[in-house]
Structures are given as C-alpha cells and as structure tokens.
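Engineer: Chains as they are written, first to last, in the numbering used here: chain A, 16 to 442; chain B, 16 to 442.
Think of the hints as simulated: they come from the structure by calculation, not from any bench. Don't take every hint at face value.
It does not matter which identical chain is used: a pair holds within one copy or between any two.
As the list claims (entries may be wrong) - DSSO-like cross-link-like pairs, simulated, lysine-lysine; straight-line CA separation at most 30 Å: (1) K74 / K389; (2) K300 / K385; (3) K138 / K246; (4) K138 / K438; (5) K377 / K300; (6) K43 / K78; (7) K78 / K44; (8) K357 / K321; (9) K389 / K300; (10) K36 / K23.
2 protein chains.
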Amino acid sequence: MQYKELSKDKLLHEKELLQSKFDELLLKKLSLDMSRGKPNSEQLDISAAIFANIDCYTKRVYKDNFDLGNYGLFSGTTEAKELFSELLDIEIEKIIIGGNSSLHLMYDMFSHLMLFGNQDSEKPWCKLEKVKFLCPTPGYDRHFAICERLGIEMIPVSINEFGPDMDYVESLVKEDESIKGIWCVPLYSNPDGFSYSNDTVKRLANMKTKASDFRIFWDNAYAVHHIYPNKEDSIENIIDLCEKYNNPNRVYMFTSTSKISFPGSGISAICSSVDNIADIMERMKYQTIGYDKLNMLRHVIAFKNKEGVLAHMNNLAAVIRPKFEIVLKQLEIEITPLNIAKWNSPAGGYFISFYAMNGCAKRIVELCQKAGVKLTPAGATYPYRNDPNDSNIRIAPTYPSNSDLQMAMEVFVICVKLASVEKILGE
Amino acid sequence: MQYKELSKDKLLHEKELLQSKFDELLLKKLSLDMSRGKPNSEQLDISAAIFANIDCYTKRVYKDNFDLGNYGLFSGTTEAKELFSELLDIEIEKIIIGGNSSLHLMYDMFSHLMLFGNQDSEKPWCKLEKVKFLCPTPGYDRHFAICERLGIEMIPVSINEFGPDMDYVESLVKEDESIKGIWCVPLYSNPDGFSYSNDTVKRLANMKTKASDFRIFWDNAYAVHHIYPNKEDSIENIIDLCEKYNNPNRVYMFTSTSKISFPGSGISAICSSVDNIADIMERMKYQTIGYDKLNMLRHVIAFKNKEGVLAHMNNLAAVIRPKFEIVLKQLEIEITPLNIAKWNSPAGGYFISFYAMNGCAKRIVELCQKAGVKLTPAGATYPYRNDPNDSNIRIAPTYPSNSDLQMAMEVFVICVKLASVEKILGE
C-alpha cells in the first residue's frame, strides 16, 4: 500500500483512520522526549558504579611528579594525554586536555580566531569584511549556532555516506579567500551517522585553499561510540595526513568523554599540530589557570587505558543498542511499506536521521509535539535552521526508557503517516 | 643603624659584610619559590581528607529533581547557588555557578564584551577606537595580562588602605567615555591585602560614568580567606549598592573555591544583577554545555553550608598563619631598624606587599634569583609590568614549607640590604 499510488478516496479514508488514531493519542497526554543526544540514567549508572569508588585526592602525584591538586600543568596531565593518545593514535605533544565541554573548546577557538586570527592569518577574523564557513548538512545545530552567533556566513554542503561533497568543497575553497574553514563530524556524523571515507579525509587534508589560514574543525565526538560489536567504523588520522600533505596546521580536532563518562562532568581534548598546540597554549595562558587535573586523574583511574574505555563503551552500547533497534524496527514495519520516507541505520553515534517526504518535517514535529512527543525542531540540523526540503528530522533514541521510546515511536509513525497523507492530498 | 644616616665608609664596610654573606648563600645552591599565591600541600591534604570520602555519583538527584550527571541545569545546581548565596549574601537568582577557574569567567566576559559589548553598549568594544580600563595598582598581574592581551589601555590608579583613590577614579570616569571599567580585588587586595572601605564601595556603586556600559570587575577572590580569627575584614555588598544607586548592571562579581578546596579543581561563580545574569546566560548557551555539576555537588557535600566553609578556612588559616608570621618577623627584626623599606601586615589573602627603596625592586629580585630564591618579577604587579618607582615586590609565603620559607626570607633580607646599600652609594 504505497501512499503515492492510492486513489484520492482511499487516501481520504486512510487520513480519517489516522486522524482518529491521533485523537486517541491526545487522550493519553504523553510527555516523552527524543530531542537531544542525552545518555539515559542506566548508562550514567554504569559509569557511576566505576567512578563512585575512586579516590583521586589522597594520592595526587604521578608521572608528572606534581601535586595534581594544585595550580599548574597547564596542558593537562601526562596520564590523561596518554589515554587520549592511545584512543586517537596521536602523539601526546599534539594534545591539550580540556575541561568538561569540548563545545567550550570549540567556541573559545572561534572566539580567539575572531579576536586574533591564527598564525597564518593576516588579521583577526573580526576585522575582515566577511568570514564564511562550510557546513556539511544536515549537521550539528550547536556548531551552526556558534557561526551564526559570531556573524560567520554558513555555506551548506551536502553530505553522503562518504562524507561531504568533496568536489563542491574543493571548488569553493580554492576560489574564495573568505572561506576560512569547515565543520566536520567525521565519525558517525551528527545526525546521519556517516563516517568519512579515506578518500574524503585525504582530500580534506590535501586540498588547495585560497585562504592561507583555513581551518578544519574536526569534531571527533563519537570516536569510540560504536553501537554494534565487530561493526565499528573508523577514519583516517587527519592530523598525520595534513602533515603528510604539507598543511600541518590545517586541523583542530576535538573530542570529549561527555558520552563516555558523564555529560558535563567529563574531560575533553584538543589535538593538533605542535605549532597549533603552541598557539593555543599561548592564548590559554591569558584565559585560564588550566583545567581540572583531579578530574583527569579520576578518568585515568576509572578507565586505565584504551582497552578499558572500549570495554566500558561495550557496556554502554548494550544499553543503547536495543533503543536504536526499537526505532528502526518500528520504522521498518510501519513506514517502509508506504514508501514515504528514508532513514539511516548508523553503526555508531547518537542519532537516526529521518528524511520525510519534502515539505513534511515541520508538520511531523508539530503533530508529535501536540501528542506529547518532543523532537529536535525540524530545520535544526541546517544552517539558519533552514532545511530547504523541510525533510530531515533527527531522532535521538538514547534518553527515554525502552517502553517510553516504543510509545514515542508509535506516536511518531502515526504523525509521519498523517503528515504524508496530508501532503499527497495537497493540503 | 639607619642606612641613610651612615657615612660612606661605614656603608662600604656594611656592603662588604653583606657581599660576603651573599657569597656564602650562593654556595648553598638553594631552590626556593615564593613567586605565586599557591596553597601548600598541607592545605591540600586538609581538603583531600574531606573530599576523598565523598561519593557524588551514586545519588545524583537533589533539589533540582534532575540527574546531575547528565546535560542540563545550565546555570548550576540549586545547592551550589545556595552555598555561594549564603557565603556572599546574594540572592540565588543573581548567581551562575562556573567551572574550575574564575579567571576563565573573567576572560570570557572580556572576550564577550570585545565581540558583542553588553546590554548598555552602542557597539562591540572591538569596534571602538579605544577602550580603557582603570587598574588600581599594585594589582593582580593576570588581570592586567587580560587587558594587555585584548589591547585595552590600562590606566593605573593608586590604592591605599581604603581602596582605590576615588577622587581620581571619579574624575576620570565622568569625563572619558572610553573608560569602560575598573578591576577591583575589594577584600584583601592582591598584593597589598587592603580591604575597601564602605565609603569606597558606595562611591564605586554611585559614581557617574560617561560610558553607559561601564563595568566593575569585582574579583572577590579572597571572600573567606582570613588569616587571623576574630580579625576578619569585610566589605559592603556592592551588588545591592549598585541597585540602590540605580546602576544595577554596573558590577560583575567573581569568586571561586580555588583556595578553599583545590586550585584547578574547585568551582567558581559569577554574581550580578538579574539582567546581567540573563545577558551572560544568553552568551553561555552558545559557548558551553554548562559547567561540572557533579563537582558542584561534591563541594556542597564537602562543606554543607557557610559554617562548614568557615570552619574549613579556619583549619587552612592555621597552616598559613605561621608562614605569614615567619615573613613578618624576619622583616621586623632585620629590616625595620634600617628604615629602608615598608610592607603591609594583611589580615587575609595570600600576599605580603613589600615596598623597597625606590629603584631597588628589580635588583632585589635579581639578587634573590641568583641565590636560588624565586620571587614574583618586580613590576609584575603593575600594568605593562612597569612599576614607576621600581619599589614593589609581592611576597607569596604560602607555598614553601616553614623551614624553606625561613631560609628564603634570610636570603631575601640580605638581598634587600645589599641592594639598598648599593642604591645609597649611588652604584
């Protein structure tokens, strides 16, 4: 029963059925939230069981021969750098350990670039008439919000299973000096769950840019956030590649343990060339007395090494895998036969990216809202909140309980169907 | 034996004696550090004994009815706000709890003002031809470093036991629109240990400023950092006074637990009018996912309330009081009779401010350095590192052990005498 092949009468009948189901939903007065990529309390309890028994206070001196409870060790502790070094395959000289929010590191980087530029800039970006950034879309709303806030013009670039459209990216950056960088979530992209191909990463590292101070913001937010054992995506080491292709300072990589230990109480890292690290440290010394070293220590004690992190992530994946399956199964059963939408089945990350029929996303989110199911606002995954097709909806399955999620998805599919029928009927 | 009253022969003889004592010191190959206001390990162990037994992970839901281990509660936890509210006598609506560094909050505030200005600004400060800040001197080097970094012109204002020279401050701010603010460490000022009088605080809150967007950066770093029981200084509540005098948005107050719990692993706060708090939150939402709520919880469990903080600070004061006394006693015995310097005996804070004969500070610091005693660089307490009298030296007694400190002070007084004799001899 593909909707688009139904006669008008049958469609009107279907709409009536859906409307009555929807009206029943309203009576349930639900209050469910699938809007943000938040871990659920079961995940947090798994982390809590490890962290609750850690004493990072009594013994505070380790490899750095330095009391980690005092001022100093500005770029972070050696042990924490070693942990990220092993996880990301990056030398510790290229790592600064940050605070509880990699977003904060990214914003600070932008704010620094606006006020000062980088080593390769002629002047601060705020003194330029125009600064533009490439934004693979759909993408992460908070990346786009930083650009919008700072008056940086965003240029959407489409993304597919191999990463951003590199022909388009290369053609833009080689011509336009005002394009100063690109946002990337290279592994399990937000929201599509795409992982950039080796060729894409190489082209990003190697491409010619008109702007000498061009920078890639490489948000490696989901570096170890696999959902299925033995089905892990991986990406090339872009820092090494930038070096190899003689653009050593091109990339700033960010990551954090927000979705490994605790969102808001984790540690973060910025990784880059030795030159860039020195440039960032020079700025940081005006900005802060350094980041929380006892929390770095706590994380090292908790996870020990890469193996420890991966084992922990397996335990978390066991909690969120069923949630992804609830969403995918419901879509498969209820939506696939109707041929009115498509979606991705990511191997990692926090989202399922759903593409409704063009012109339906806002209506679906609105219907869900009415029925008590909160979704990420339609358009949020696009620069200026403008999805030209009004199609993409980011589904965040992790936060609700399994039973809540099941209920939320029952609401969702009814709303998708109803909006689609309305659309086909031209309402 | 006042040096200035000695004959040239006697001075030359004294110099010879001092030189031979100094040469003996060189043989000891000392390595002692009195350069920064760092707590010593004994203080940190007192905090560690409290924090080591705290579990902030297993139970994570309190007054906010919110899992403190997850994203959210952007302005901080209710309990942490209540703790600072009680300590500072400020309503919780006027408080945001920050991360591990109040310096970071200050820098971010400046960076925001440069890029956007505040609610009362006509344009971002970086778009103005000139931005000036008043800097009571001597003052905190890291405050001045922020201004210098951002290209903000610093105007020195002298400070005395009542606070900044308010006649001068008032005369400047009423005439010059480019003066956008003033740095203040109102309680136990860094380095002098002065606490602003009620009259000074009132005048700061009430004065007419030509700049409509004038702001006071009120660094309340030593809010509960008393050295002597029953000899506590206190200051007027400037937020209330600004409101009373109809300049409600004039002041940003900063504080932290860096020298209460752990430097680098504490929590901080920014307090201001409800309007300013809203303005700051509006900016923060682009910048961060919020600060570390589990660390806020940890601090609340550790200290419970104001009484708990004050009892803990008494324990810390018992450790640092003898250190201040070692410095003051050595100065009293060795320097007072010679009439070649003056210094303050603060009732709180982290420093003793030493004023050598004009033209001697750099030489004293250099001599100490040669003898293995590291001091804060001469001039560091002035904008652009320029002490016009080359007189002030900031002594930080807290970090060394008592025996190291005793030795460092023996070096210090010999270097002070030697530099003074050289000066009087016109060398």
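Engineer: For K357 and K321, with the copy left unspecified, which applies at a CA distance of at most 30 Å: within, between, both, or neither?
Structural biologist: neither (36 Å within a copy, 57 Å between copies)
Engineer: Pop the pair K43 and K78 into one bin, within, between, both or neither, using alpha-carbon distances up to 30 Å.
Structural biologist: between (58 Å within a copy, 29 Å between copies)
Engineer: First find the shortest C-alpha distance between K138 and K438 inside one copy, then the shortest across copies, and answer within, between, both or neither for a cut-off of 30 Å.
Structural biologist: neither (50 Å within a copy, 46 Å between copies)
Engineer: Which holds for K138 with K246 at a C-alpha limit of 30 Å: within a copy, between copies, both or neither?
Structural biologist: Neither: 46 Å inside a chain and 52 Å across chains, both beyond 30 Å.
Engineer: Since the copies are identical, ignore which copy is meant and state whether K300 and K385 lie within 30 Å (CA to CA) inside a copy, between copies, both or neither.
Structural biologist: between (50 Å within a copy, 27 Å between copies)
Engineer: From the Cα coordinates, with 30 Å as the cut-off, is the pair K78 and K44 best called within, between, both, or neither?
Structural biologist: The answer is between: 26 Å across copies meets 30 Å, while 56 Å in one copy does not.
Engineer: Is it within a copy, between copies, both, or neither that the alpha carbon of K74 lies no farther than 30 Å from that of K389?
Structural biologist: Result: close only across copies, 27 Å inter versus 46 Å intra.
Engineer: As a check of your reading, is K36 near K23 (CA-CA no more than 30 Å) within one copy, between copies, both or neither?
Structural biologist: Only inside one copy: K36 and K23 sit 20 Å apart there, 106 Å across copies, limit 30 Å.
Engineer: Which holds for K377 with K300 at a C-alpha limit of 30 Å: within a copy, between copies, both or neither?
Structural biologist: between (45 Å within a copy, 24 Å between copies)
Engineer: At most 30 Å between alpha carbons: which applies to K389 and K300, within, between, both or neither?
Structural biologist: Answer is between; shortest inter-copy Cα gap is 20 Å, intra-copy 42 Å.
Taken one by one, the earlier hints fail for this structure at numbers 3, 4, 8, listed in ascending order.
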